[in-house]
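Student: Each chain, letter by letter, is given below.
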Amino acid sequence: MIAERAPAPSASAEGAFRSPRAPLLSMRHVDKVFGGDVVALRDMNLDVRDGDFISLLGPSGCGKSTALRLIADLIHPTSGRIVWDVEKTPGALSVVLQEPTLMPWATVADNVWLPFRLQGKSRASVDDKIAEALNLVGLEEVHDAYPRALSGGMKMRVSIARALVTHPKLILMDEPFAALDEITRFKLNDDLLALKRAIGCTVIFVTHSVFESVFLSERVVIMAARPGRVIRELAVDAPYPRTDDFRTSQEYAMQCRAVSDALKEAMGEGDDLH
Amino acid sequence: MTFIDQAASTSAPEIDVEEAARARRRRAEKIGQWVLPVLVIVATIVAWDRIVVWNELPHYILPGPGRVLQALIEDWPLLFQSLLVTLQITMGALAIAVIGGVGLAVLFTQSRWIEMSFFPYAVILQVTPIVAIAPLIFIYVDSKIAGLLICAWLVAFFPILSNTTLGLSSADHNLRDLFKVYGASRWQRLRYLQLPSALPYFLGGLRIAGGLSLIGAVVAEYVAGSGGIGSGLAFRILEAGYRLNIPRMFAALFLIALTGVIIFACLSLISHLALRKWHESAIKRET
Chain A
1 MIAERAPAPS ASAEGAFRSP RAPLLSMRHV DKVFGGDVVA LRDMNLDVRD
51 GDFISLLGPS GCGKSTALRL IADLIHPTSG RIVWDVEKTP GALSVVLQEP
101 TLMPWATVAD NVWLPFRLQG KSRASVDDKI AEALNLVGLE EVHDAYPRAL
151 SGGMKMRVSI ARALVTHPKL ILMDEPFAAL DEITRFKLND DLLALKRAIG
201 CTVIFVTHSV FESVFLSERV VIMAARPGRV IRELAVDAPY PRTDDFRTSQ
251 EYAMQCRAVS DALKEAMGEG DDLH
Chain B
1 MTFIDQAAST SAPEIDVEEA ARARRRRAEK IGQWVLPVLV IVATIVAWDR
51 IVVWNELPHY ILPGPGRVLQ ALIEDWPLLF QSLLVTLQIT MGALAIAVIG
101 GVGLAVLFTQ SRWIEMSFFP YAVILQVTPI VAIAPLIFIY VDSKIAGLLI
151 CAWLVAFFPI LSNTTLGLSS ADHNLRDLFK VYGASRWQRL RYLQLPSALP
201 YFLGGLRIAG GLSLIGAVVA EYVAGSGGIG SGLAFRILEA GYRLNIPRMF
251 AALFLIALTG VIIFACLSLI SHLALRKWHE SAIKRET
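Protein chains in written order, with the working numbering: chain A, 1 to 274; chain B, 1 to 287.
Calculated from the structure, these hints are not laboratory results.
It cannot be assumed that every hint is accurate.
[Claimed, not checked] As a list, the in silico EDC-like pairs of lysine to aspartate or glutamate whose alpha-carbon atoms are at most 20 Å apart: (1) B:Lys144 x B:Glu239; (2) B:Lys277 x A:Glu141; (3) A:Lys196 x A:Glu132; (4) A:Lys129 x A:Asp144; (5) A:Lys88 x A:Asp52; (6) A:Lys187 x A:Glu140; (7) B:Lys180 x A:Glu99; (8) B:Lys277 x A:Asp144; (9) B:Lys180 x A:Glu87; (10) B:Lys180 x A:Asp73; (11) A:Lys88 x B:Asp177; (12) A:Lys88 x A:Asp73; (13) A:Lys187 x A:Asp245; (14) B:Lys180 x A:Asp110; (15) A:Lys196 x A:Asp43; (16) B:Lys277 x A:Glu132; (17) A:Lys187 x A:Glu99.
With the hints as constraints, model all of the structure from the sequences given.
Tutor: In structure tokens, the structure reads:
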């Protein structure tokens, strides 16, 4: 299965990942060219199944954010197709960006209300869902506060609550924790896994941290730059729930090593081509 | 650990000498903020009075402050009528400038084509001196009130238009993406994203426009120039000038300046109230 998805020949061997899960969406031979000559992404194939946690990992300029924006339908493929296997209802897709991206003029609860508000739902009719989402990220206390009063980590939690509030099928996360300190990042990584279990959604997570990608995901898609492309896909064979024990385990270290080696190889290839 | 905790909790921290000095300086600065301008004004009035008295200046050359105050009191019914007229024109023009400026700005951001077609005209109207256009307006517009309104509006609307246009198009691009992902309609994006983003810019433009609409009203009155009932403060100044009633000129001038200050203060207060919950400009921080 891996061999089908990953274009690099070396990708066939390890971690044959099989899953009974239903398909959610797939990218087929997707290319994205900016401004006529900048190839941001070349021939990307990706199968996403319901309940997956996939990380897109690579150096800057490898097209991982471009891939995410393509899936979010914010930009359109130059060629190739992105096919949804399920009906894309309003609220089925959520994004969390690197910046918390909150509306500074709205309270925390009103920020979380946004996806529903844009569906035309009144605040009163979704108050319980907003409370539930804020509860899940541990921010029920501050629902009346304005974003400026919150710390960076709390703002990101609000951003996550806003993404969760509609119980989406798929959440796209674009380096959401990159700007946070390590203590906060570890905590939010733990929380994210717990939230994913609670909601039962699919996550595609863009990161440039090997450790983060291995800790969080079931599959790590390794990408290279110039031109942006998928080099290989690795499965992380460790059961959930993953806790602090996993973070300090031998197994985790070995998985990180494997991903790190693959990434080095990918970056080496990228430089050769340049 | 516990010992340290207890020691810290029983006695309040001793205030550092330097910190106390800083606190004193802050207090002095706070008082000075109000006291100094008042002192300067009092000193100026006293100096003005002394210059008039010592040089025995006649009141038709330079009236003393007492004489101006007397004119203000004696001519109050006349001046107050005129003040109401000027205020009416100023507020009317400002209201139309807000509606027209914001309306045009919204149109501009909804369609690049409209912006490209009409923005040059807005600039031309803005850079042409109002005194040059005003006589033409009074030729073609029969109603004097309407003519005055048009003149004042022409001066006042541009800062609102340009500031609001800037504000509407400077909404956070990440939030724009987010709105797109959540399927926001054009109207929803305007209502929930662009208008709130533009609010601080609009309020900045409004403060400038408030002063400008007063200037526009005064200039237009000069040009319109007709007397009788319904004449504003600027006409009173002209009229008093012809009659060498200099104290009344000063009294009317004082009222115009006071009106401008009050308009600015009111608009600043509105701006502060609208932004105090979230915008940097309205939030006090300990420095």
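Student: Against this structure, judge whether each hint is valid.
Tutor: Against the structure, the hints:
1. For the given pair, B:Lys144 sits about 18 Å from B:Glu239 by alpha-carbon distance, which is consistent with the 20 Å threshold.
2. Taking the CA atoms of B:Lys277 and A:Glu141, the gap is about 18 Å. The hint holds against a cut of 20 Å.
3. Simply put, A:Lys196 and A:Glu132 have alpha-carbon atoms about 14 Å apart, close enough for the 20 Å limit, and the pair holds.
4. Proposed proximity of A:Lys129 and A:Asp144 is supported: the alpha carbons are some 16 Å apart, at most 20 Å.
5. About 17 Å separates the Cα atoms of A:Lys88 and A:Asp52, which keeps this hinted pair within 20 Å; it holds.
6. For the hint pairing A:Lys187 with A:Glu140, the CA-to-CA distance comes to about 18 Å; that is within 20 Å, so the pair holds.
7. The straight-line distance between the Cα atoms of B:Lys180 and A:Glu99 is roughly 16 Å, inside the 20 Å bound, and the hint therefore holds.
8. Of the supplied pair hints, the one linking B:Lys277 and A:Asp144 holds, its CA atoms being roughly 11 Å apart against a limit of 20 Å.
9. The straight-line distance between the Cα atoms of B:Lys180 and A:Glu87 is roughly 18 Å, inside the 20 Å bound, and the hint therefore holds.
10. Of the supplied pair hints, the one linking B:Lys180 and A:Asp73 holds, its CA atoms being roughly 9 Å apart against a limit of 20 Å.
11. The straight-line distance between the Cα atoms of A:Lys88 and B:Asp177 is roughly 18 Å, inside the 20 Å bound, and the hint therefore holds.
12. Taking the CA atoms of A:Lys88 and A:Asp73, the gap is about 12 Å. The hint holds against a cut of 20 Å.
13. Taken as a hint, the A:Lys187 and A:Asp245 pair is honoured in the structure, with Cα atoms around 14 Å apart against an allowance of 20 Å.
14. Among the hinted pairs, B:Lys180 with A:Asp110 is consistent with the structure: their alpha-carbon atoms are about 18 Å apart, no more than 20 Å.
15. Using a Cα cut-off of 20 Å, the hinted pair A:Lys196 and A:Asp43 is violated, with the two alpha carbons roughly 29 Å apart.
16. Of the supplied pair hints, the one linking B:Lys277 and A:Glu132 is violated, its CA atoms being roughly 25 Å apart against a limit of 20 Å.
17. For the proposed pair A:Lys187 and A:Glu99, the alpha carbon gap of about 18 Å is at most 20 Å, so the pair holds.
Hint check: violations occur at hints 15 and 16; the rest are consistent with the structure.
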